[in-house]
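**Q** So the chains spell out like this:
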Amino acid sequence: MTEHLPALQVVIPLLAAPLCVLLRRPGAAWGVYAATALASLAISLLLFARTFDGGTLRYALGGWPAPFGIEYVVDAVNVLPLLLVSVLAVAVAIYAPRAVASEIERPRIYLYYACLCLYLAGLLGIGITGDAFNVFVFLEISSLSGYALIAMGRHRRALLAAFRYLVMGTVGGTFVLIGIGLLYALTGSLNMADLAERVPPLYDNRALHAALGFIAVGLAIKAAVFPLHAWQPDAYAESSSAASIILAGAGAKIALYAFMRYAYGIFGGELVAEVLPLGRVLLLLGVVGMVLGSAVACFQTDVRRLLAWSSIGQIGYIVVGIGLADPAGLRAAFLHLFNHGLIKGGLFAVVGIVLLRTGGTSLDHFAGLARRMPGTFATLLLGGLGLIGVPLTAGFVSKWALAQALIGAQQWWVLAAMLASSLLALVYVGRIIETAWFREPPGGKAAPAAPGMSATVWMLALLTLWIAVDSSAIAGVASHAAQTLLGGAP
Amino acid sequence: MSLLSHYNYWIAMALMMIGLYVVMSHANLVKKMIGLNVFQVAVFMLFISLGKVRGGTAPILDPQFTVYSHPLPHVLILTAIVVGVATTALGLALAVRVHEAYGTTDEDDALRRDAAETPQR
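Going down the list, the sequences are from chains A and B.
The numbering used here puts the first sequence at residues 1 to 490.
The numbering used here puts the second sequence at residues 1 to 121.
Just so you know, the hints here were simulated from the structure itself, not pulled from any lab data.
Chain B side only, calculated, beta carbon under 7 Å to chain A, not exhaustive:
| no. | residue |
| --- | --- |
| 1 | V43 |
| 2 | L76 |
| 3 | V83 |
| 4 | L90 |
Partial list, derived from the structure: chain B residues whose beta carbon lies under 8 Å from chain A:
| no. | residue |
| --- | --- |
| 5 | V23 |
| 6 | L29 |
| 7 | K32 |
| 8 | F39 |
| 9 | Q40 |
| 10 | L46 |
| 11 | F47 |
| 12 | T79 |
| 13 | A80 |
| 14 | T87 |
| 15 | G91 |
| 16 | R97 |
| 17 | V98 |
| 18 | A101 |
| 19 | Y102 |
| 20 | E107 |
From the derived model, a few chain A residues whose C-beta atoms are all more than 10 Å from chain B:
| no. | residue |
| --- | --- |
| 21 | L8 |
| 22 | L57 |
| 23 | P65 |
| 24 | A193 |
| 25 | V275 |
| 26 | V291 |
| 27 | F396 |
| 28 | E434 |
| 29 | R439 |
| 30 | Q483 |
Only a predicted model underlies this, so the values are computations on that prediction, with no experimental measurement involved.
Positions of the beta carbon are idealized from the N, C-alpha and C atoms, including for glycine.
Put together the whole structure using the sequences plus the hints.
**A** So this is what it looks like as structure tokens:
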């Protein structure tokens with residue numbers, strides 16, 4: 001049984017989706033989704049236990065051996081993204097019953113859970129597959145279910161946001177497809193490990209450069225890397241609260257993981273950083289993204305939109321780490337990918353609680369709430385400080401790793417931009433804190449408590465706190481991941 | 001190898017650009033979907049022409065033939081077509097919902113109606 005874990009990681013959520021549709025009852029559909037999420041987390045943890053010290057698991061789907069059949073690979077590179085997705089999936093499962101009941105019409109609830117299952121299957125599939133074309137298929141599974149999830153937001157604006165995301169996301173996905181096609185035309189292989197061996201002799205080939213370009217642009221759209229982020233603020237701000245946790249926490253991160261896998265696991269660091277100037281381009285885009293994203297976040301009046309722009313800034317940090325193309329930079333990118341996913345998921349969960357309680361997500365709705373619900377807002381404070389990168393938060397762990405990598409690579413300008421972005425984060429987090437703690441709360445009776453939603457918020461907050469106190473396990477995996485990627489074959 | 005010997009690439013590129021242009025230049029959601037389809041189909045044709053072998057037949061074993069077209073790109077595109085159909089269906093469904101909610105399928109019109117309803121956002 002245990003040798004089939006890599007396949008089960010994807011197969012269980014994929015089969016759960018039609019089961020949700022067949023059962024139709026909201027409670028039953030939730031049960032299926034919750035069981036799926038727990039199973040995914042259990043499998044991710046088992047896979048983590050086997051690979052965190054640098055080991056590799058290979059699974060040939062259907063028994064077809066590697067270069068011909070589709071292969072699933074679990075190694076230090078993808079255990080962190082898989083774990084992030086599963087943890088957020090469980091968080092959504094605990095959070096969902098109350099949030100969904102208040103935001104989604106009852107006849108549609110089972111479809112909502114079916115979409116969540118599909119989204120989970122897509123994200124986990126991107127994470128686990130060792131086949132270049134398979135990445136495209138799972139990318140589109142996750143994107144299509146993501147569009148549907150966003151369209152189920154409570155305002156009609158959600159429909160337009162979903163449509164815009166659909167257009168940009170499809171262009172991005174098709175770009176990835178072109179890149180894979182060119183790669184296949186050049187090498188005659190789709191297996192990642194096999195490709196990594198066949199690509200280096202072709203480093204002078206123009207078509208190979210074009211393939212890398214197409215894949216980089218396509219995944220940058222999916223990951224909302226500046227300047228291809230136009231779909232992201234609307235999509236995050238209009239989606240329902242339960243879905244926004246996993247959309248904002250894991251959706252873009254898994255595309256960044258896929259980019260690292262393609263760029264360093266297949267094309268190789270030499271092509272990215274030396275033959276082509278992609279590394280420098282990424283540094284530049286990351287710098288502009290982190291300053292601009294944080295700056296725009298300071299001017300938002302809707303908290304979800306504020307957090308979405310903050311994500312564009314935080315993704316800038318990850319992009320800078322990827323662009324450095326050295327072990328320290330990639331290690332920082334992996335750490336921030338994981339930590340920011342947890343922090344941002346937790347913050348969107350807090351906004352969902354405020355939405356349930358006050359009926360809105362604008363800053364005015366936060367006025368004075370910290371005095372009414374001190375526990376929930378303690379986690380908001382923790383997450384906000386994590387976004388800034390204050391010591392003793394998870395955000396500090398990864399930002400410190402990135403700062404060290406930048407000092408090692410002597411990228412002083414990037415370091416300065418990172419500090420500027422952190423100061424801007426202080427401004428936008430400060431605005432939320434000022435409103436929630438120091439403004440007068442509006443009158444009226446307290447809304448009913450939502451224990452499940454609070455439990456989610458606390459679970460994510462305590463996880464980030466744990467990482468802040470003892471990051472050795474996560475940091476160790478990130479180091480192994482960076483070594484694996486820069487050392488050659490996945 | 002002249003400039004036109006790989007005319008399939010030129011056709012795919014031209015279709016791709018036409019599709020992207022339609023997506024970007026039109027505010028009508030249905031026209032955007034049409035552009036997106038042209039764009040996707042261009043990429044499908046690029047893949048399919050990659051697998052074509054001159055004088056080759058369909059890859060079915062038969063003692064009469066020795067040269068076959070490469071089946072793998074065609075199979076990959078079969079998957080991509082399914083993805084494309086799903087995307088089109090979802091996009092058109094969204095366009096219908098937008099029409100129900102806003103009374104228009106024009107993106108700019110819809111945005112204007114939202115702006116008129118909620119003056120401060």
